[in-house]
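If you're matching them up, the sequences are chains Z and V in order. This note's numbering applies: residue 23 is where the first sequence begins, and numbers increase by one. This note's numbering applies: residue 153 is where the second sequence begins, and numbers increase by one.
Some hints here could point you the wrong way.
Under the rule of at most 30 angstroms between Cα atoms (straight-line distance), these lysine-lysine pairs were calculated in the DSS-like manner [said to hold, decoys possible]:
hint, chain 1, residue 1, chain 2, residue 2
1, Z, Lys187, V, Lys248
2, Z, Lys30, V, Lys248
3, Z, Lys192, V, Lys310
4, V, Lys222, V, Lys177
5, V, Lys248, V, Lys453
Hint data in this document are derived by calculation from the structure and do not stem from the laboratory.
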Amino acid sequence: MYGIGLIKGLGVTLKHFVETYVEDLRWLGRGGRYYSEEALKIRQSTKARGIFTVQYPEEKLPVPEEFRYIPFLVYDIQEDGTHVDRCTSCGICAKVCPPQCIWIVRSTDPETGRPIPSPTEFFIDIDICMNCGLCAEYCPFDAIKMDHDYELASYDRHSEHILNKERLSKSASYYASIRPTNYAREEQARAEKEAAKAAKKGAG
Amino acid sequence: MTMPEQKPAVTLDAIEERFSGFVRKDDRPGYEGVVVEASKLIEFATSLRDEYGYDYLSSLTGVDYLPEGKMEVVYHVYRSSGGPGLVFKAQTDREKSILPSLVSVYPGAEFQEREAWDLLGIRFEDHPDLRRILLWEGFHGHPLRKDWYEPYFEEDAKPFGSRWPGGQVTRVEDGMPFGKNVQYPPDFSPEGWVPEGEASLYAGLGALQRKKGDNGRGLETEHIVVNLGPQHPSTHGVFRMVVELDGETIADLKPVMGYLHRNHEKIGERNTFIMNMPFTDRLDYICSMSNNFGYALAVEKLMGIKPPERAEYIRVIMAELTRVVNHLWAIGFLLNDLGAFFTPALYAINERELILDVFEAVSGSRMMCNYFRFGGLARDLPEDALAVVRELAFERLPRRVDELDRYLTENEIVRARGEGVGILTAEQAIAYSAAGPVLRASGVPYDVRKAEPYSIYDRFEFDVAVRYNGDVYDRYLIRLDEIHQSIRILQQAIEQIPGGEIQTGRPQYQVRVPVGEAYGRVENPKGELGFYVVSNGKPNPWRYHIRAPSFINLTAMAEMCKGHKIADVVAILGSIDIVLGETDR
Numbered sequence: 023m024y025g026i027g028l029i030k031g032l033g034v035t036l037k038h039f040v041e042t043y044v045e046d047l048r049w050l051g052r053g054g055r056y057y058s059e060e061a062l063k064i065r066q067s068t069k070a071r072g073i074f075t076v077q078y079p080e081e082k083l084p085v086p087e088e089f090r091y092i093p094f095l096v097y098d099i100q101e102d103g104t105h106v107d108r109c110t111s112c113g114i115c116a117k118v119c120p121p122q123c124i125w126i127v128r129s130t131d132p133e134t135g136r137p138i139p140s141p142t143e144f145f146i147d148i149d150i151c152m153n154c155g156l157c158a159e160y161c162p163f164d165a166i167k168m169d170h171d172y173e174l175a176s177y178d179r180h181s182e183h184i185l186n187k188e189r190l191s192k193s194a195s196y197y198a199s200i201r202p203t204n205y206a207r208e209e210q211a212r213a214e215k216e217a218a219k220a221a222k223k224g225a226g
Numbered sequence: 153m154t155m156p157e158q159k160p161a162v163t164l165d166a167i168e169e170r171f172s173g174f175v176r177k178d179d180r181p182g183y184e185g186v187v188v189e190a191s192k193l194i195e196f197a198t199s200l201r202d203e204y205g206y207d208y209l210s211s212l213t214g215v216d217y218l219p220e221g222k223m224e225v226v227y228h229v230y231r232s233s234g235g236p237g238l239v240f241k242a243q244t245d246r247e248k249s250i251l252p253s254l255v256s257v258y259p260g261a262e263f264q265e266r267e268a269w270d271l272l273g274i275r276f277e278d279h280p281d282l283r284r285i286l287l288w289e290g291f292h293g294h295p296l297r298k299d300w301y302e303p304y305f306e307e308d309a310k311p312f313g314s315r316w317p318g319g320q321v322t323r324v325e326d327g328m329p330f331g332k333n334v335q336y337p338p339d340f341s342p343e344g345w346v347p348e349g350e351a352s353l354y355a356g357l358g359a360l361q362r363k364k365g366d367n368g369r370g371l372e373t374e375h376i377v378v379n380l381g382p383q384h385p386s387t388h389g390v391f392r393m394v395v396e397l398d399g400e401t402i403a404d405l406k407p408v409m410g411y412l413h414r415n416h417e418k419i420g421e422r423n424t425f426i427m428n429m430p431f432t433d434r435l436d437y438i439c440s441m442s443n444n445f446g447y448a449l450a451v452e453k454l455m456g457i458k459p460p461e462r463a464e465y466i467r468v469i470m471a472e473l474t475r476v477v478n479h480l481w482a483i484g485f486l487l488n489d490l491g492a493f494f495t496p497a498l499y500a501i502n503e504r505e506l507i508l509d510v511f512e513a514v515s516g517s518r519m520m521c522n523y524f525r526f527g528g529l530a531r532d533l534p535e536d537a538l539a540v541v542r543e544l545a546f547e548r549l550p551r552r553v554d555e556l557d558r559y560l561t562e563n564e565i566v567r568a569r570g571e572g573v574g575i576l577t578a579e580q581a582i583a584y585s586a587a588g589p590v591l592r593a594s595g596v597p598y599d600v601r602k603a604e605p606y607s608i609y610d611r612f613e614f615d616v617a618v619r620y621n622g623d624v625y626d627r628y629l630i631r632l633d634e635i636h637q638s639i640r641i642l643q644q645a646i647e648q649i650p651g652g653e654i655q656t657g658r659p660q661y662q663v664r665v666p667v668g669e670a671y672g673r674v675e676n677p678k679g680e681l682g683f684y685v686v687s688n689g690k691p692n693p694w695r696y697h698i699r700a701p702s703f704i705n706l707t708a709m710a711e712m713c714k715g716h717k718i719a720d721v722v723a724i725l726g727s728i729d730i731v732l733g734e735t736d737r
């Protein structure tokens, strides 16, 4: 009969339509399908059924650990509370950045005139940044990492969208909170290197 | 269709002997193929096509060799029965660059020769329509020439010295104020210029110019010219088609592209090799992992390295997931073009969301993945990613494809609007250098993964999807078939994936690429994506060209649309499945 294909197709649409309501009912006793973290986790997994839409901004999908948006500089907090930048202004991130959006001023010792491994200024123009993550990937000192924050809208791009060193710096504990696996792996590598150095110093 | 007898690939020695006198081997270190004398080019190409069976022109590109004062055009031809290809080149002077056009031998060369004229200034004699293709018709200069500098030019090659160690940030717009950010020839004043309209474009439309004809009932009719696009919801991006209409029927069609042209290839020449990787994501922005793959292959060919086993398996898994993503999107948007406003599209894209979540967990970004590196991958998979892919490949994706099949394949409207519309025969498809689903739906079982296997595709058992009618409906069906085959490959890859390293050698940001040229091609979901990279030993490529399937598939567009109605044009364009990022670069 002419039209069977159409009717079958409409049947599929009807099934999807009814399923959205069935899903809502399924979650009725468990606190609702929306605005609950538990439900969101299942809706984001391979067990998802019904409507895929996420009610942003009331619900936000948690980003995975590897998610990269804008870079930030990591500083360690020592026992006495001082912030120590990990960055040594080696310039690799500025050299490897594809759109060349990183500007670094390397510090020089005022007396000897030789370079000090620390940046005086560090600018990133986040309008140009293409979020590729190459700077974080090739930094030898784990000093620049990719942040997770993507809600960066502002009213004026000329003053707001060039981040200087102060606005870029975030603590290592923040880094550990957003990227725990990476942080753990790097800390372990660092500890191993310290142990090897100590062993060599002890032996030699 | 039975494969024709596979003739053994012709060797360069045999070619040199057969055409001795005007063909010699290219003996520059790291280069391959033969150099043909310009005057005998058509004769050489014709006998390659007819005698030796090299009937498929894969890529035609120009290279500017400024130090030697030469312009070179490089041709890559393959046989539609499969196997390795042949590279031949023709050289000409830089000042007066003229070469014979190969459109009479390979009609698929039409757009590529126009691009060489547009971007490099190489003139092709006897080309049917040598106009600019990617830049507007009044543009001054040829941007890919080495002595052409863009208005915001800073330095010849990145990294720029102004960034470190004494980098003071300036915004580009401050150094290049609006109104002064274009460069004009010295004797040109924009105020005094009167635009001449698109006379040359409209004049070239078809053999029948605007004519007043009698339609048999005493009524005088006239063909009209209508612009479909560039702002049009169904043109898959900023793409324009100039059609000459006889009522509602298409008499002729000319595609106009270049509205998204970003001069990717010149940017690629300024970037270092590793910097180009995130830029390749933005070519075919829906299939970013596939683009990465092609580029990584090309540079790995130059460097002579191969990734370790685990990296190869992960690459294949990512490439096949990308294929599924792209075909779901393509089917969804084809149905959109047919008028089913978004319901099938959104049902198809549901699974795409899950796959993009996998990409985000693995590479950090849903679409701009930047995951592949030379010699492997950027990082290993997180722990739960493989479980999600397994669930997708064994459970969700097969169900979704079967559901789409039930939903759409028998639909009377899809069949009525798809069958018999936009037919491309096999000979036309090969002649016009069509690639991918467009080629295979026309009955040519050519798939780069089987014809010249790259990476580890020769280990997997899968079929090449073929359909024989070459119409819109077949191109829809073949995409469903290809999703099935991709799921098959995924299932095998997930079972076989080993542990181990994911990168050959230490990750470096300054790769040492030896002198030479390489053409790395992959089976992108849209067709054959090729990267032609020429290196002169420096950290930046000397020439970086992308053989874009969407661009070249559009060569056959006019042929497919003649005689159909305007509504069919939209459906045909949807079935070719173009993406403007790749078409225009």
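Going through the hints against the structure:
1. Between the alpha carbons of Lys187/Z and Lys248/V the distance comes to roughly 52 angstroms, so the proposed pair goes past 30 angstroms and is violated.
2. Among the hinted pairs, Lys30/Z with Lys248/V is inconsistent with the structure: their alpha-carbon atoms are about 64 angstroms apart, more than 30 angstroms.
3. Note on Lys192/Z and Lys310/V: the hinted pairing holds, with a Cα-Cα distance of about 29 angstroms set against a maximum of 30 angstroms.
4. For the suggested pair Lys222/V and Lys177/V, the alpha carbons sit about 17 angstroms apart, so the restraint of at most 30 angstroms is met.
5. Taken as a hint, the Lys248/V and Lys453/V pair is broken in the structure, with Cα atoms around 33 angstroms apart against an allowance of 30 angstroms.
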